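Visitor: The lines below spell out each chain.
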Amino acid sequence: MRIAILEDDVALAGLVEMTLTEAGHFCEVFGEGHLLTRALHRETYDVLILDWNVPGISGIGILEWVRSNLDLAPPALMLTSRSAEEDIVEGLFAGADDYVIKPVAPAVLKARVNALARRAYPAALLGIEVFGSYRFDTRAETVECHGELIALTAKEFALALLLFRNLHRALSRAYIFEAVWGRNPDLPTRTLDVHISNVRTKLNIRPGNGFKLVPIYAYGYRLEALTS
Amino acid sequence: MILRRGLKLRTQWWLIAIATSLLVVGMTMDRTTMRIDNLIYDHLLQASFSASSPPSSKPIMLVEIDDDTIRRLGRWPWSRATHAALIDRLSAGRPKAIAYDVLFTEEGDPNEDRLLGQSAASSPIFFPMLPAVTANEGTAPAALMPISPIRAAAAGVGYATIDPDADGVVRSATTVAGAQGQWHHLMGLVAGFAAGREVTDARARLIPFSGGQGRWPEVSAAAVLAGEVPPELLQDKIILVGATASGLASRYPTPTGSVMSGLEIEAYLLQGLRDGAMIRPAGLWPCLALALLPLWVLMTLLGPVRRLPALASFALCAALVLGSCAAALILWRLWLPPGAALTGLAIAYPLWGWRQLAVIEQFMRVQLERLDHEPSLVPQAEPSRKERGVAYTIRLLRAAITRDREMRHFLTDRLDQLPDATLVLDLQGRVVIANAAAHALFTSIGIAIDGTASAAALLQCFRQTGSGDAVPFPPIGEDPAMCEVQVEQARFFLIGMAAQTSTEGARVGWVIRFVDISEAKSAQRQRDDFVQLLTHDMRSPQASILAVLETASPDRISARESVAIRHYAESTLRLADEFVQLARAENLEYALEQVELSDMLMDAIDDLWPQSKAKSIDIVTRGDEPLLVMGERSLLTRALGNVIGNAIKYSPQGTTITCTLRRETRRDGTIWAYCAITDQGPGMDADLRMTIFERFRRGPVGLGPKTSGAGLGLSFVHTVVVRHHGEIECESEPGRGTTFTFSLPSTTECDRNGAQVS
Chain A
1 MRIAILEDDV
11 ALAGLVEMTL
21 TEAGHFCEVF
31 GEGHLLTRAL
41 HRETYDVLIL
51 DWNVPGISGI
61 GILEWVRSNL
71 DLAPPALMLT
81 SRSAEEDIVE
91 GLFAGADDYV
101 IKPVAPAVLK
111 ARVNALARRA
121 YPAALLGIEV
131 FGSYRFDTRA
141 ETVECHGELI
151 ALTAKEFALA
161 LLLFRNLHRA
171 LSRAYIFEAV
181 WGRNPDLPTR
191 TLDVHISNVR
201 TKLNIRPGNG
211 FKLVPIYAYG
221 YRLEALTS
Chain B
1 MILRRGLKLR
11 TQWWLIAIAT
21 SLLVVGMTMD
31 RTTMRIDNLI
41 YDHLLQASFS
51 ASSPPSSKPI
61 MLVEIDDDTI
71 RRLGRWPWSR
81 ATHAALIDRL
91 SAGRPKAIAY
101 DVLFTEEGDP
111 NEDRLLGQSA
121 ASSPIFFPML
131 PAVTANEGTA
141 PAALMPISPI
151 RAAAAGVGYA
161 TIDPDADGVV
171 RSATTVAGAQ
181 GQWHHLMGLV
191 AGFAAGREVT
201 DARARLIPFS
211 GGQGRWPEVS
221 AAAVLAGEVP
231 PELLQDKIIL
241 VGATASGLAS
251 RYPTPTGSVM
261 SGLEIEAYLL
271 QGLRDGAMIR
281 PAGLWPCLAL
291 ALLPLWVLMT
301 LLGPVRRLPA
311 LASFALCAAL
321 VLGSCAAALI
331 LWRLWLPPGA
341 ALTGLAIAYP
351 LWGWRQLAVI
361 EQFMRVQLER
371 LDHEPSLVPQ
381 AEPSRKERGV
391 AYTIRLLRAA
401 ITRDREMRHF
411 LTDRLDQLPD
421 ATLVLDLQGR
431 VVIANAAAHA
441 LFTSIGIAID
451 GTASAAALLQ
461 CFRQTGSGDA
471 VPFPPIGEDP
481 AMCEVQVEQA
491 RFFLIGMAAQ
501 TSTEGARVGW
511 VIRFVDISEA
521 KSAQRQRDDF
531 VQLLTHDMRS
541 PQASILAVLE
551 TASPDRISAR
561 ESVAIRHYAE
571 STLRLADEFV
581 QLARAENLEY
591 ALEQVELSDM
601 LMDAIDDLWP
611 QSKAKSIDIV
621 TRGDEPLLVM
631 GERSLLTRAL
641 GNVIGNAIKY
651 SPQGTTITCT
661 LRRETRRDGT
671 IWAYCAITDQ
681 GPGMDADLRM
691 TIFERFRRGP
701 VGLGPKTSGA
711 GLGLSFVHTV
721 VVRHHGEIEC
731 ESEPGRGTTF
741 TFSLPSTTEC
751 DRNGAQVS
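Here the protein sequences come in this chain order: A and B.
Here the first sequence is numbered in full-length UniProt numbering, starting from 1 and rising by one per residue.
Here the second sequence is numbered in full-length UniProt numbering, starting from 1 and rising by one per residue.
If we strip away everything but chain A, and leave its shape as in the complex, we get:
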């Protein structure tokens, strides 16, 4: 894939470039915001990795520019030192598909970028889907863990599948609601938390099983696969 990296710190840009090139992607690094927008005029990129505070146009500015200037906006990942929860929310609502705080482990970065790509360019998947020790049968709507069948309600199954299919991707509460319950569900907001809690308990989604469910401040949830 062609990946554009907006990063003014040479050392960090080098690490990101090295990591993603090792993973088989083609990378291009931009030190200033307007250089990236100029490139976006003539080039197509599959994924954008944006730092927030850069000279010229900021990462947030790039997201806005992309949304209003490109017909088909590529998925974008914010990679920044701004760690406050408010900043994460702002970045996600500005249009970023994911948000990663520096410093980042190379493996995590690789996983996040792959998740973005998988979502944006999905391969046809049918029937049996396997995620680590979990085995989903989408036709029978059953799920097995370590070969053991786990009883889930229809909504719980849909929610679990949605989380696993969007591994490493931050899902907003509205998105999950719409995907599982359809448009304008007249449900108490606690419903989602209760279902999440049930899925997590029943499937035992804990770091011990290789997965970790992360709540995102005022936004939603993200399921992460642990690398080690």
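What you were told as hints is all true, and nothing was included just to trick you.
Not close to chain B: a few residues of chain A, all C-beta gaps over 10 Å, as computed:
1. G24
2. V29
3. A39
4. V66
5. F93
6. V130
7. R135
8. H146
9. G147
10. I150
11. L162
12. R165
13. Y175
Chain B stretches covered by chain A per the calculated footprint, using a threshold of three residues with CB under 8 Å from any CB of chain A:
14. 533 to 545
15. 595 to 605
16. 632 to 642
Hint data in this document are derived by calculation from the structure and do not stem from the laboratory.
Note that the structure is predicted; figures quoted are calculated from it, not measured.
Beta carbons are placed, not taken as given, at the ideal position from N, Cα and C, and that holds for glycine.
Dock chain B against chain A, hints included.
Guide: Quick look at chain B alone, frame taken from chain A:
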């Protein structure tokens, strides 16, 4: 109080109206105001004849036995032959009628009497008589008639008496006299003869004087006798013959203002009777109506129906009286005496005014006395001793005014002493009071607050922070309205506007206060900058250091040094993180939501999985009761994580950390959620336990295993829990492990049922 005053005034109104009415009725009945009535009558009469053209005087002619005649013919009384000669001379001119106003009641020389009778028969001639003369003491009065030859020849006999009023002025004449009304006035007979019909109306007896003295054509009797008057001058005339010579006849004052001889007065009477222009005095009922109606109109206008100023009402009613009186006299020849009516008005008007004043004075005194005894903000003189009289009321009023003045002074003084700029505005937004700080503030901006300053103009120089909008006045929304504004570059104010109401609750104006928050804003900005510095500017180089270590080839940086550098960079990052989180916990406006305590505990444990796994520490959760709390999820999760992280940090390898969740209802009925985190670590002594929630306090190095951390973690925990109205306790003894217990107020409503919605 108002009711009583109203009642009192109403009673007084009725009293005044009724008393004045009775007085007016009395005055009308016994004609007390006759002198006023006569005065008005005389003036109205003069005004009416000077305004209208006088009727023709041609048909009447006076033949006067004047001073000249006496001088030429000799002494009075004349012989009857002379009278006969005069009558002959007059008859020769063929007049329409002759009224010969000379009494011939005593028998004289029979020849001369006969001669006079013959002469009198030659034309229609009227002679006077005396209707009631007492001949002798003790006999009944009887009419004294002219001598028989005259009576036989005369066309008519009537009396010719003139009756002046009590003030000596001749206004009226009695047209019919006698017990049976058998006698008529001489002029009535003449007028009836001339008009060819009965003209006498006993009721119409006021003489319509339509001119002054000398209006009638007059000739001297001597001139007639001497033949100096051409006979055609006398043709078809009504001739009045009478004495006017001084000494022979009286002269009378008349309403016209001039003094006239009886002959002239009779001429006016004749004309009035002949033209039917006699004036009739009104009867009792019209007089009463005229007197009472305007009085009640005035009382109504002064009392219940207040449409006009009092003086205008009075003038209107007086004009009504005089106008109707004049109109009746001129248009209908009817005399309505206005005196009683005017007197009634003149009494009622001041009386009512006086009573009103008295009631007001009393009301004012009571109110002022009450005010005098009310506690005052300003020091005041001793209350005055209670007395009566106007001087006392004036003293009270003066005290009240002084007090008001002091009050205003007190108010402006206190306002001036306020540290914040304050404006007091009226409803239209005009500045009523501006304190010293306000003057200073607006002078520094370059605007002077003068008498015409309005809030809209003054607020124009401010812009709301953020939006840059103007400040709306009057404020929209809740009261008091607050907004933050900016003026010039770095001056910030908090504007508070509050509506002011009177003691009755009606809105009377506004108060605007300007609080200078420039310093607070500057401090806030510095703190924001500082947090920004830590969250990004300080983190970035650390992230870069880690990136360099990651990309550098192992032969350039040795693995041992790389680990050390990584450790310090990560420590710096953690310090920055902890500081940012603490600042966030302290300053963030919490958006509370219902959240399950066990969910947050699970999140916190999952976050620490790498650390716990590295030390082979087992984290056990006990109690799965749903515990809903109102909280900020990210902060509470982090607080739990900090405590569990500490437990992992200070616990030896392979131990167990127990998290116990439970619910408890306290004595006051509130439900609390508890989460106790117990480790098997080294524990703390009492001194350390007392201070662990302070900043930069951490476990002693060397006591336990090597640990890392900045020492802000528990401060964060404490801040978050306190801001959630919860509590955190620490139980620990050296060698026995440590237990941290979170307690948070729990919401009673548990909708675990939401899970069944599918």
